[in-house]
Amino acid sequence: MSHAFFRSIFRVLPLLLVLSPVNSSSCTMGNKTTEIRVKYENILSHDIEELVNMSAEYRDRCCKNKRHEHSKVFFCNDTQEIGSLQSMACNMLRFFNKQKINKEFRRKAALVSCGTLQVLQCKCERHKKEKVCTQVNAPNNEDTETVEQPKKKCNQEFCELKENISSLRSCWNKFEKIISR
Amino acid sequence: MAVPGASLVPILLLGLGTCLAASPSPKGVECILFNEEYMTCTWGSGQTLTANYSLYYWYENKLPVVECQQYLWDRSVRIGCRFEQSEIIQFQAFYVRVNASCNGQTLEIPSNRMELQNLVKPEAPVNLTIHNMSGNQLQLTWSSPYPKEQCLEHVVKYKSNKDTSWTNQEVKGVIFSFPSVDYEKYYTFYVRSKINNYCGNTQLWSEWSVPVFWGNNSTSKGSSGPERPRSPRRPRSVLTVSPRLVAGVAEEQLQWFWIHTVLIPIASCLLLLVLVVLLVRMERVWVIIMPRIPNPSKNFDDLFITHNGDFQVRWLPWLTTPLSWWQLPTPLTPLCPSRNGSESLKMLWRVSSPTTVKASAT
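So the protein lines, in turn, are chains A and B.
Each step along the first sequence adds one to the number in UniProt numbering, with nothing skipped, and position 58 is 58.
Each step along the second sequence adds one to the number in UniProt numbering, with nothing skipped, and position 123 is 123.
Please note: incorrect hints may appear among the correct ones.
As the list claims (entries may be wrong) - Subject to a maximum C-alpha distance of 16 Å in a straight line, what follows is the list of computed EDC-like cross-link-like pairs (lysine to aspartate or glutamate): (1) 172/B - 41/A; (2) 177/A - 153/B; (3) 62/B - 78/A; (4) 177/A - 115/B; (5) 108/A - 163/A; (6) 148/B - 123/B; (7) 177/A - 149/B; (8) 162/A - 50/A; (9) 103/A - 157/A.
Said to hold, decoys possible - Just some of the chain B residues that point at chain A, by a computed CB distance under 7 Å: (10) 91; (11) 148; (12) 150; (13) 151; (14) 198; (15) 199; (16) 200.
To be verified - Here are a few chain A residues that sit away from chain B, every Cβ distance over 10 Å (derived from the structure): (17) 58; (18) 63; (19) 121; (20) 124.
Everything labelled a hint here was simulated from the structure, so no lab data went into it.
Nothing here was measured: the structure is a model prediction, and the numbers come from that model.
Note that the Cβ used here is the ideal one computed from N, Cα and C, for glycine as well.
In isolation and in its complexed conformation, chain A is listed as follows (with noise of 0.2 Å):
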């Protein structure tokens, strides 16, 4: 009966230890909720509002009301916003090296997640991703060619971005209606 008893509490220990919450936003703007208000409005909703532009500009018809099956949903979580764009933004920066996207197009893209980050003062999970966005603010002298999309298939990454970049739009709207008067 003890070894059974001693088994369950090893196996319990270890299972706290890899649920335990790490919830804990990496973001130190939390609180500053009017200064976020003035970098989003002044800066950042422009540059949002010429990315969706442009997204509504590559028209890809099997985007159109159809949600991959296999593409990453972010939700903008009650009273978890900040959080939810970090989780957006970050996971938008994976995009900037996928060469199947228009590079002006990827490149808006992960300007506006690296500018989120810096209003929300966030890190990413995974460190590596943050250095995007010295590559996207530091002048372009790559001479890499432009991969043309196909026309006939279906990009999926694409569409991913596109999804990507209509909830980070919503998030931030959302966010912006919490903290107005």
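Got chain A; can you put chain B on it based on the hints?
The following block gives chain B in isolation, referenced to the frame of chain A:
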């Protein structure tokens, strides 16, 4: 505005065959959040629809699917659904499905994905008030029934009784400054609102507010017939300036205008002229301002007469202090008349004061 549900239109017609064969096409499902207080989703009118419709809705993360609790009717036909505030969730994907049944046949028609924060139509602004500012400026202020004023942008529409078209001006806050107003004209102002890009992505403007007027309407009789949009749900608040009061204000302004631009300059010029005349006339004052040039001619009357005005005087440069004649190093010789032209008469000047000069000839 037909919104994500337009794809329902042909399916509604084709799927149900004879039921809707003779009817014109409905507009499609159109959902609008009125001031974030309630929402209506409509798909047509009783004139065009004859089938039995049912609406079901759900949110992306929240099941189950729920049927509409409050249908909108027109001529015994369901034409829409009303959602109360408790049933509305913004910033979550919203789906609607309309079931159309006719003669035992039922067709399920899903709608597109909607985001309700982008379907908000705020209520029209109220309490339009005009303030008179300095420098012929007007200031128009208003308030909005929508709870989050910082999420709104506004447009002011105005024209005078002498204008042929309206002028639209976008405004971010709740204050509009009209820089230069003409007191002879009669102005009409309207305001409407929309959710701005910071809080949503919508093109739904509110209705125009009840108008407010300003100016002199004595010459115009109904010349600018303003529309009166209806705001049936809330009491109206209107500020109208009466013509008599406006006329009185205009007259007072005119008086001040004459005083400032005509009377005061003329009075100033007259005063200046009087001062100048007095100044010239009072010799004592004039002499101080314009001292006379010293004229030592009186001291040389004898010499002048003797030599018939033909003599020369040379100033001794080494003399910096007043000296008397006995202090001169060399004897003086008189100057011969200028007939010789080569000799000069050395004169001794005794400067006794800065203003008088005393000369003596030896």
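Tell me if the interface restraint on residue 151/B is satisfied: Cβ within less than 7 Å of some Cβ in chain A. holds (5 Å)
Quick check on residue 200/B please, does its C-beta sit within 7 Å of some C-beta on chain A? holds (5 Å)
Satisfaction of the residue 150/B interface hint, Cβ to chain A closer than 7 Å: holds (4 Å)
Tell me if the straight-line CA distance from residue 108/A to residue 163/A falls inside 16 Å. It holds: about 15 Å lies between the C-alpha atoms, which stays within 16 Å.
Assess, step by step, whether the Cα of residue 62/B is no farther than 16 Å from the Cα of residue 78/A, and give holds or violated. holds (14 Å)
Beyond 10 Å from every chain B Cβ: check whether that's true for residue 121/A. holds (20 Å)
Run the distance test for residue 177/A versus residue 115/B: straight-line Cα separation, threshold 16 Å. holds (15 Å)
Decide, holds or violated, for the assertion that all CB atoms of chain B are farther than 10 Å from the CB of residue 58/A. Holds, because the least Cβ-Cβ distance between residue 58/A and chain B comes to about 18 Å, which exceeds 10 Å.
Under the criterion that the straight-line Cα-Cα distance not exceed 16 Å, is the pair residue 177/A, residue 153/B satisfied? Given that 16 Å is the threshold and the Cα spacing comes to 14 Å, the pair holds.
Assess, step by step, whether the Cα of residue 162/A is no farther than 16 Å from the Cα of residue 50/A, and give holds or violated. holds (13 Å)
So, as I understand it, the hint says residue 148/B touches chain A; can you test that by seeing if any CB pair is closer than 7 Å? Since the shortest Cβ distance to chain A is 5 Å, the answer is holds.
Please work out if residue 103/A and residue 157/A have their alpha carbons no farther apart than 16 Å. Between residue 103/A and residue 157/A the Cα gap is close to 13 Å, so the pair holds against 16 Å.
In this structure, none of the earlier numbered hints is contradicted; all agree with it.
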